[in-house]
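Trainee: Hey, can you work out the whole structure from these sequences and the hints?
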Amino acid sequence: MASDSNIHKFTAEDIERYQKGLLSSKEKHEIEKAALEDPFLADAMEGFNGSGVNISADIVELKERLSEKTEEAKVIPFKMPNRSSFNWWKIAAILILVAGAGTLLYYVSFNNKPAGIAQEKNNTPLVQQPTAQDKVAAPAIADSAQAKKSNSSGLIEVDSVHYRVTDHAVASGEPRPDLNSKASGKAIESQSKSLRSDSITTAGISAPIADEKTPAVALSQKEESGKKDKVATINKPVAGENRDGYSANVLRETEYKKRASETAPGALYQRDAKAKIFRGKVTDLSNNPLPFANITNTRDDIGTYSDVQGNFSLVSPDSVLNVQVKSVGFSNRFLQLQNGPGNLVTLQEDRSLTARILDTVKRNTNRPKDGYMVLEEPEPVDGWVNYDVYLTNNLKAPDRLKTKISGGGEVEVSFEVSKDGEPTNIKIEKSLCDACDREAIRLIREGPKWKRKARKGRTVVKIGF
Amino acid sequence: MSFLKNISPSSLTDKELVDQYKETGDLRLLGELYQRYMDLVYGVCLKYFKDQELAKDGVMQVFEELIGKLKKHEVGNFRGWLHQVAKNYCLMQLRTPKNLRTVEFKGELVQSEENVHLNGILEKEENFKRLEDCLGSLVAQQREAIRLFYLESKCYDEIVEITGQAWNQVRSFIQNGRRNLKLCMEKNEALSIDRKAG
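Top to bottom, those sequences are chains L and G. According to our numbering, the stretch in the first sequence is residues 5 to 469, in order. According to our numbering, the stretch in the second sequence is residues 105 to 302, in order.
Simulated from the structure, these hints should not be mistaken for laboratory data. All residues carry an ideal CB built from backbone N, CA and C; glycine is no exception. A couple of the hints might just be wrong.
Claimed, not checked - Chain G regions said to be covered by chain L (calculated; three or more residues, Cβ under 8 Å):
1) 147-160
2) 237-248
3) 256-264
4) 276-285
Mentor: Take a look at the structure:
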């Protein structure tokens, strides 16, 4: 349009000068008149009116940016695809990472299963063991037993699967070199001493196993124990829990087992019927439960202790069990247990003894109570009083001690408590004699469970002999 | 068209540049064209955004839009069309709620959007009489402002001095006066046509 070229094209600079009052009146009039005609100019003038800063510099900058754009025109088309494809890369990368993490988790959780399976596998050979020829089986066991005679620690390392599982059933005893196939069970038992340290762990394993397969386990144990009539099944009651169910089989190791093992050489060949469970409850005359009362089979000196509610159970191939039941402050009682539940044992109070031994019983109950210890120290789930009762009831003091030391001494044992309430990291703080120390450790290991208050809390228990 | 390439783009008219751009898509042509009005686009953006950085970005964004739009649309008056594109862009940007601002609205100070070209009308001699009559019909302030501005070629500031009124008011008078004159002139023109006919 011709008029286009006629119109004086006011620049930003002109407008700027107009704003700053640098134009003459005539010039101002000119631009104003033009603005009236041209809304574009009018708008621009209005815009410049508000800014007030250096407009010329901005214009220069804009011109530069424009020339950049027009010179690099060809670059523009490529930018957009790059942006979108980059986003695609990001999305793809994230998906791969998530998928990778997912599969990892899956595999990790998957791996947990085989462990469980392995345990069961351990069981089956055990069960089958007795069904095999004893002759064949026994030597193997005997050999291994002998071989490990000297091995006092880490018996868990024993490679035979069945052996390991049976560990928990093995009674303790001295190794008997002259034991052959028949005494396979005893041989295993003989290793029990060294198994001491492992009894808890095995007990841990045995507990669930026993729940499922107690009859079979008991059966095999019975075979291997080599004893005619006994099964080294010891109920390990979990404090606080009412384990009326089939008992776990805990290895009991005392030197007296040796005696027991000597008595029945041909036992292995005797296959009795399947194990029987003897359950019952120990109470006083008023029907109050007696916690941690000791129930021992008189024949093989294998026993157990009742739980905090007085309930106990024993497994044996025999149809009747002759036991001694004792609890501090009460008269000992000998009686015969019948197969099945309902063996109610009532003990009579022994007033003559109570006064004398009362103080010695409360060895641990009367403990110093300074602030720090109380806060962090673990304590028995059923309390110190009951624990003291347990210790007194179930102590099997070594014979030699009785002859050597009169008046009795003490062993001090310290330990931490694991997550599951089991004593760990057991240390002898004050020793009395080797056998005493061992018995002390055994008592603690097999005793009622603990409750821990701090992760690294340590407690000291005194055991009187 | 090869000879045109030798001629520097700056000597071409707007229309010629538009046509050439449409043909070749050469951004440099568009750039040349845009540079002529970049100042005004910047001003418009400043008016709407009231922010220098936003306005500068706006100028570049409008250019981006031109690249496509110019190819698509038939553009007669590039200048006017560009103005509209710039305004539309600014208004679209302002639509985001956070950008909305409430400003006092003074009706009498709003500038007229009419693209009124009075040049042709004023120059016609036969309209002078009509103009005199119409001027008389104006509100006193408007008449005075118009007279000072157009007939005495005074600028706003001068009129402000003379009349003692505010700058915005002066501008408003002039704009409204113009509109009223135009209406009056058109009405009179219609009447005179009728009279001539009748």
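Trainee: So, for every hint listed, does it hold in this structure?
Mentor: Evaluated hints:
1. For a cut-off of 8 Å, the count of residues in the segment 147-160 of chain G with a CB near a CB of chain L stands at 10, and the three-residue condition holds.
2. Only when three residues or more bring their CB closer than 8 Å to a CB of chain L does the claim for the segment 237-248 of chain G stand; here the count is 0, and the claim is violated.
3. Against chain L, the segment 256-264 of chain G contributes 6 residues with a C-beta closer than 8 Å to a partner C-beta. That satisfies the three-residue criterion, and the hint holds.
4. With 3 residues carrying a beta carbon less than 8 Å from a beta carbon of chain L, the segment 276-285 of chain G meets the three-residue requirement, and the given coverage holds.
Comparing the model with each earlier hint shows a violation of hint 2 alone; every other hint is respected.
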